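Input sequences plus hints: build the corresponding full structure.
Protein chains in written order, with this note's numbering: chain A, 466 to 665; chain B, 466 to 665.
Treat the hints with care, as some may be off.
Treat identical chains as interchangeable: a pair holds within one or across any two.
What the hints assert, rightly or not - Distance condition first, Cα-Cα at most 20 angstroms in a straight line; then the derived DMTMM-like pairs of lysine to aspartate or glutamate: (1) 661 x 531; (2) 529 x 651; (3) 632 x 531; (4) 661 x 651; (5) 632 x 526; (6) 576 x 593.
No lab work stands behind these hints, which were simulated from the structure alone. The structure presented is a predicted model; accordingly, all values stated were derived computationally and were not measured.
Number of protein chains: 2
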Amino acid sequence: MAGAIEFYFEFSSPYGYIASCLADDLGQRLGRDLAWKPFLLGPVFKTTGQAPLVEIPMKGEYSKRDFVRSARFHGVAYRQPSKFPIGTVAALRAFYWVHDRDPAQARALAKALYAAYFTNDIDIGPAETVVGIASSVGVDAAALAAALGDSAVKDRAKSEVDAAIAKGVFGSPFFIVDGEPFWGNDRIPMLEAWVKRGGW
Amino acid sequence: MAGAIEFYFEFSSPYGYIASCLADDLGQRLGRDLAWKPFLLGPVFKTTGQAPLVEIPMKGEYSKRDFVRSARFHGVAYRQPSKFPIGTVAALRAFYWVHDRDPAQARALAKALYAAYFTNDIDIGPAETVVGIASSVGVDAAALAAALGDSAVKDRAKSEVDAAIAKGVFGSPFFIVDGEPFWGNDRIPMLEAWVKRGGW
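Quick look at the structure:
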């Protein structure tokens, strides 16, 4: 089996959420594993000089309309969160802490966090909310709560964000397959063609 | 026949050029006319606070790679211009001046300008270059050259740019069909689905 498709996403990103709902099918169609890699857009925006989509004049209005339209297009449940965007560093740290113990559980946690935020309008910013959701997918709540304050856990998550930026990841979702970068759900057809043809 | 699909593009935009190569087929598939509407990204960037793609850290590197990859994906000839991006106000004014006399000729002019810039590496910024290319598609060169200095012709072109911005057009290509906006070539499949289903 060929190498995994790197799947980068930010927990506050509607398009990242939609991608997370499409990711398993994509991997199955291509016969490739996906390596789920959450990161933070905040540090990316510092590097690129960009801002959250909804804060950009014109583009922001388009985006708000497009979040809902894109979710429907892809058959994904979606509810625009009342607090948006949010900081997701607790979710990020929790993901990698769980991932180092049980990758499958980390993926389940990512899906549960996304579902809470983008279908149930739960603010997944606070650490205690993240711990509660983690507990619902079988994570040891007390151990996770303690870990979230641990500087090694913070460093672990930060190193993933740094690595994503070093690889050129500037948006969510972002896929890298066989070294080739693809930004956005609307590039999934091109990604699939790339894999099938071995590039062009 | 239903109303035309508005097709907005900037003459310095690689993705606009690729769209111009796909536009006739798109119209044919959907049984809809396309109204070609060049505009300028410069005034848009002033409104949105954005910058040319290639000047944005990270995104710029991705874009340069993606221009070529996207052209190949769509089967479109492409050569990255050595001077890029460029100001295209002369091309814009020429287009609308020709358009008001002969819309089909204006479309031929747009295609010739794009081909010159994106396949033959000809800088289409200078007015005399635009006039020369216009002449090659049958436009009266002397009349066009005189018109390009006319303030009414300048105002006519500016009013189109203002109208595009008023409609929320912030990128190239940009399509509006039945009031619904679609940004980018990678949204053409969604646009087609929208037209076929009558929205969702």
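- Query: When no copy is specified for residue 661 and residue 651, does a C-alpha distance of 20 angstroms or less occur within a copy, between copies, both, or neither?
  - Reply: Intra 17 angstroms, inter 19 angstroms, cutoff 20 angstroms: intra and inter.
- Can you tell me if residue 632 and residue 531 fall within 20 angstroms by alpha carbon in one copy, between copies, both or neither? between (27 angstroms within a copy, 16 angstroms between copies)
- Status of residue 531 relative to residue 661 across identical chains (alpha carbons, at most 20 angstroms): between (29 angstroms within a copy, 18 angstroms between copies)
- Within a copy, between copies, both or neither: where do residue 632 and residue 526 come within 20 angstroms Cα-Cα? between (30 angstroms within a copy, 11 angstroms between copies)
- Checking residue 529 and residue 651: alpha-carbon separation at most 20 angstroms within a copy, between copies, both or neither? both (16 angstroms within a copy, 18 angstroms between copies)
- Item | Homo-oligomer pair classification [residue 593, residue 576; C-alpha up to 20 angstroms] | within (17 angstroms within a copy, 58 angstroms between copies)
Of the hints listed earlier, there is not a single one the structure fails to meet.
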